[in-house]
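In the order they appear, the protein sequences are chains F and X. Quick note on the numbering used here: the first sequence kicks off at 28 and runs consecutively. Quick note on the numbering used here: the second sequence kicks off at 28 and runs consecutively.
It should be emphasised that the hints constitute simulated quantities derived from the structure, not laboratory data. No experiment lies behind these values; they were computed from the predicted model shown.
A pair counts as met if it fits within one copy or between any two copies, since identical chains are not told apart.
Taking lysine-lysine and the DSSO-like style, the derived pairs with C-alpha atoms no more than 30 Å apart in a straight line are: (1) Lys-256 <-> Lys-219; (2) Lys-114 <-> Lys-242; (3) Lys-36 <-> Lys-87; (4) Lys-87 <-> Lys-32; (5) Lys-133 <-> Lys-87; (6) Lys-36 <-> Lys-60; (7) Lys-115 <-> Lys-242; (8) Lys-326 <-> Lys-133.
Protein chains: 2
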Amino acid sequence: MATIKDVAKLAGVGLGTASRVINDSGYVSEETKKKVLEAINKLGYVPNETARAFVTQDNKTVALFLPSIHHAFFSELAYYIEDELDKKGYKMILCNSSGQKEKELKYINMLKQNKVSGIIGISYNPIENEINHSMPIVLVDRHIGEIPYVSSDNYGGGKMALQVLKETGCNHVAYMGTYSKTIFTEVEKRLKGFEDAAKENGINYTLYIEEDPIKDQTTFLHTFLNNYKNIDGVFVENDMMALELVQLAQDRKISIPEELSIIGYDGIQTYAMLRPKLSTIRQPVELMGRSLVDLLIKKLNGEQVTPEIHPVQFLKGETTR
Amino acid sequence: MATIKDVAKLAGVGLGTASRVINDSGYVSEETKKKVLEAINKLGYVPNETARAFVTQDNKTVALFLPSIHHAFFSELAYYIEDELDKKGYKMILCNSSGQKEKELKYINMLKQNKVSGIIGISYNPIENEINHSMPIVLVDRHIGEIPYVSSDNYGGGKMALQVLKETGCNHVAYMGTYSKTIFTEVEKRLKGFEDAAKENGINYTLYIEEDPIKDQTTFLHTFLNNYKNIDGVFVENDMMALELVQLAQDRKISIPEELSIIGYDGIQTYAMLRPKLSTIRQPVELMGRSLVDLLIKKLNGEQVTPEIHPVQFLKGETTR
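If we strip away everything but chain F, and leave its shape as in the complex, we get:
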């Protein structure tokens, strides 16, 4: 049985070079690569069992791209993903890759080399051209070609928020959040659902949005409170921003919910103990985490998978009437 040494010898290259070609890692000139591949074919070289074992069995590892572990929704999601992966016999590599496209590319490259089994991507980086639906990748809240994704019913959640504000007597409502010029995420559907429901109900609405990521959230919120004094109901893109808005409004002695109703999105458990208790649209975070793993494993088994959109729920707190 031919060894890598035989391959290197026949190709007239060093062991390291032969290894780089075999493992598709590191730079090798096209000419040298050709020589090594010819030697492999001629000798019928197969990387040995032990090496294969490292690639296939021992490497039951999934990389999780996480934008920021500071955001409690993502940490809760990461928790359930890791728990479900563990139950299925996979390890999870955590990759905090907010704004670091290169970091994600490193793992995408490892995936191509079979060094990780799959990727679960909560990613806001421009990686469209690096991945495709033939790879074992599932995304959260994001559309890239035919790559499967998991999300909560963002559109339905947006409609639900408008409906609640309307039914509790708000007359001048606003959507507060972000937009992206470069990538399309499911999150934008929160705005779309809100907007469509406002139109259907014949309610005037304001969109108060800034490009993601917002540089200074506190200033963004103060500017809103300074300039939109007539607004009596706001649907905020996520709980963290909604909570800060509650605090800043209270500092200005704006009474909540009487003068200003506020609804968040996420339903983060970490914040459940805070007062006033935030009214929010709850994403089923545990279900989403576990179904991400299910989808990925189906994909690894060669099954057809389609996006999964999970229903949301309105949790009434103390920030709506």
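Following the hints, complete the assembly by docking chain X onto the known chain F.
Structure of chain X alone, referenced to chain F:
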């Protein structure tokens, strides 16, 4: 050059068995193991370069044991550990192992087999007998033999909290938190520092503690508010518990800090926007995360390492006078 097939043939065993002995994974009877090892010696078998590469270079991976990603202090610490590991060329496997000793043992076993490079353990499981100081392991806040650890100055923090309560006019102070019968952690020094400083200052103090993990934190806090109405200053073991105490006290119309001063421990950024802003003893979380990685890498390089205890800082918020 002998291959694993040659080893298996000479030992009269299957390829899988030979591989298990070579990789020290899975069960093989002592007798069979002996046969395989003899064949290895006789043939001068060396696992091939590619296989070695998988074990050594590609496997620059550190496992992080995390008790709960729901606790914002741990997620912040995990964030900095991952960031620093990435800078040093290591991947990080996240292992949420709260109350799951077996999960930690799996990684300790992988460490013994060189399948992970090292372990950073934020662990409250009884793993004393499974690890020792010769292994590349560093711990957070915990003492197990000579294994290096990183912590904040818990003792100094406890003293500092008492000092602040005393200087701001509190006369009946309490320490609120947990204790463990089974493991000794640095966290207990928060209590010790508080207690010693109270004695030095001749101040009466109450210890209000329950065995970790507290089953129902809300009930624990209500019981305190029901039974200790004379107490006017509390130092709480962590920010999360302190924040809930603030909320429950406010629900009872206890004015903070006039009637009750509250100091937390951690200084979590996630909570910085909340009102009333919590007075707290801040752990230098970024520094701690990065120094854990430094210690581990020194250990991997065979250097002598000693525990690192980082100074803390009092952050005045609105819950102390």
